[in-house]
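K.L.:
Following the hints, complete the assembly by docking chain P onto the known chain G.
Taken in order, these protein sequences are the chains called G and P. With my numbering, letter number 131 in the first sequence gets 415, and the count goes up by one each step, no holes. With my numbering, letter number 134 in the second sequence gets 418, and the count goes up by one each step, no holes.
In short, the hints are calculated from the structure, not lab data. A couple of the hints might just be wrong.
Note that the list lumps identical chains together, so a pair holds whenever it fits in one copy or between two copies.
[As the list claims (entries may be wrong)] Computed list of lysine to any residue pairs in SDA-like fashion (alpha-carbon distance at most 20 angstroms, straight line):
no.	residue 1	residue 2
1	K435	I482
2	K367	S480
3	K304	I482
4	K473	S383
5	K470	S399
6	K473	V370
7	K473	W455
8	K473	S428
9	K473	R305
10	K426	D398
11	K473	F483
12	K286	D471
13	K304	E419
14	K287	C417
15	K470	Q481
16	K286	R477
17	K287	Q481
18	K397	E419
2 protein chains.
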Amino acid sequence: MKKIITIDREFGSGGREFGKRLAELLNIAYYDEEIIDEISDKTDLALEYVRSIVEKAPPLSFPITIGQTFSPILPPYTEQNSKIYVEQAEIIKELASRSDCVIVGRCADYILKDSGAIRIFVYADMEHKVKRCQERSPENEKLSNREMAKKIKAVDRDRRKYYEFFTGEDWNDRLHYDFLINTSNKDIKELTRAFSQIFDINFDIK
Amino acid sequence: MKKIITIDREFGSGGREFGKRLAELLNIAYYDEEIIDEISDKTDLALEYVRSIVEKAPPLSFPITIGQTFSPILPPYTEQNSKIYVEQAEIIKELASRSDCVIVGRCADYILKDSGAIRIFVYADMEHKVKRCQERSPENEKLSNREMAKKIKAVDRDRRKYYEFFTGEDWNDRLHYDFLINTSNKDIKELTRAFSQIFDINFDIK
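If we strip away everything but chain G, and leave its shape as in the complex, we get:
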């Protein structure tokens, strides 16, 4: 079967590790930063600038203002942002048509929803997300568990806004995904190894 797999994930749930390991186990391409690099190459924008825009949700006030005033002139930040999203969507489609792959984030689930992609959402409870983030944060940037939980919520709020801004859909709606995977209490390496077995069998989306 064709193996085009998209992964959305809550911050701290280990979704990125899950995606990387899955791509390795299935021996297929893996994209996240790479996509941004490619956008960067195509648009001649500095990598860091592109990265900062794609990582951060656009201010929510823009689409609301636009909706209320029907202003034909978009603020430069939104225009730039929308241009990047459109290019990014094209690149994602191109990559998915090129070879089997895992694509993490970037609304890839939405962009590839009609192309037979298997869309995965990875999540966990707050306790495990905080624990995972604490284990990975540098010694000189230690936050309290409460501060870390706040940061995790803020990142996911941005991801949700970003998704909603560009797709008009709720990032949390389970109907956007084929599988939702809870990583709380689990070893992600073993979980990925178990889950990768699914792809040995043909269960194409009709």
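P.N.:
Just chain P, lined up with the frame of chain G:
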């Protein structure tokens, strides 16, 4: 690995079929009606009576009234209902300790949450749930698609109320489950065959 698998499912999503096929493929026990039969044997209540109470959510007004008045006397229906739930929970624990198994519904995910059970939630979009229900309804009981959608929503509302009444939790909260599986657009037989591969690998809940 130990294979205790609980399945919650939206009405019409094919969760029951998924559970039965999974049990067959893994060669382990399967319970749903069987649990009720066993309750029936233990309590000397007529099977049909037990079945009707377990299938239907208790009136939501009961717990609210109890909370407000701290009345020590419960209405007979609720008392009977709670008694059945408690017995049912004991039986579910007993069954899960006896052998590997799949248990569909009956708040089994909640009852077995601390015993290393793999908790699955099966769902689908309304279009596919209606289609599935229409294909399975007898010729002389045909509903319009709109009536069928209404029926599907009503059954799930009852399931949600039942779950909330006995566990105090939201049936739809993804944190109660390890995997959520969307059956829309999929062949359930192939999907189950693919998913059953997961259990070949050891990914015990810690």
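K.L.:
Does each hint hold? Answer for all of them.
P.N.:
Consistency of the hints with the structure:
1. Proximity of K435 and I482 under a CA criterion of 20 angstroms is satisfied in neither setting, with 34 angstroms inside one chain copy and 33 angstroms between copies.
2. Taking CA atoms no more than 20 angstroms apart as the test, K367 paired with S480 passes in neither setting, with 35 angstroms inside one copy and 43 angstroms between copies.
3. Taking the closest pair of Cα atoms, K304 and I482 come within 20 angstroms of each other both inside a single copy (16 angstroms) and across two copies (18 angstroms).
4. For the identical chains of this complex, K473 and S383 are neighbours neither inside a copy (24 angstroms) nor across copies (27 angstroms), given an alpha-carbon limit of 20 angstroms.
5. Proximity of K470 and S399 under a CA criterion of 20 angstroms is satisfied inter-copy only: 14 angstroms between copies versus 31 angstroms inside one chain copy.
6. Proximity of K473 to V370 under the C-alpha cut-off of 20 angstroms is found in neither arrangement, the shortest distances being 34 angstroms within a copy and 38 angstroms between copies.
7. Neither within a single protomer nor between protomers do K473 and W455 lie at most 20 angstroms apart by alpha-carbon distance, with minima of 25 angstroms and 29 angstroms respectively.
8. When the C-alpha separation of K473 and S428 is checked against a cutoff of 20 angstroms, the pair qualifies neither within a copy, at 27 angstroms, nor between copies, at 48 angstroms.
9. Only within a single protomer do K473 and R305 lie at most 20 angstroms apart by alpha-carbon distance; the minimum there is 7 angstroms, versus 27 angstroms between protomers.
10. In this assembly of identical chains, K426 and D398 lie within 20 angstroms of each other by CA distance neither inside one copy nor across copies; the values are 43 angstroms within and 31 angstroms between.
11. For a Cα distance limit of 20 angstroms, the shortest separation of K473 from F483 qualifies both inside one copy, at 16 angstroms, and across copies, at 15 angstroms.
12. For the identical chains of this complex, K286 and D471 are inter-copy neighbours only, at 16 angstroms across copies versus 27 angstroms inside a copy, given an alpha-carbon limit of 20 angstroms.
13. In this homomeric assembly, K304 and E419 come within 20 angstroms of each other (Cα to Cα) only inside a single copy, at 19 angstroms, whereas the closest approach across copies is 41 angstroms.
14. In this homomeric assembly, K287 and C417 never come within 20 angstroms of each other (Cα to Cα): the closest approach is 30 angstroms inside a single copy and 30 angstroms across copies.
15. Both within a single protomer and between protomers do K470 and Q481 lie at most 20 angstroms apart by alpha-carbon distance, with minima of 17 angstroms and 18 angstroms respectively.
16. In this assembly of identical chains, the alpha carbons of K286 and R477 lie at most 20 angstroms apart whether taken from the same copy (19 angstroms) or from different copies (17 angstroms).
17. Within a single copy, K287 and Q481 get their C-alpha atoms as close as 12 angstroms, and across copies as close as 17 angstroms, so both meet the 20 angstroms cut-off.
18. Within a single copy, K397 and E419 get their C-alpha atoms no closer than 34 angstroms, and across copies no closer than 26 angstroms, so neither meets the 20 angstroms cut-off.
In terms of the numbered hints stated before, the structure departs from hints 1, 2, 4, 6, 7, 8, 10, 14 and 18, listed from lowest to highest.
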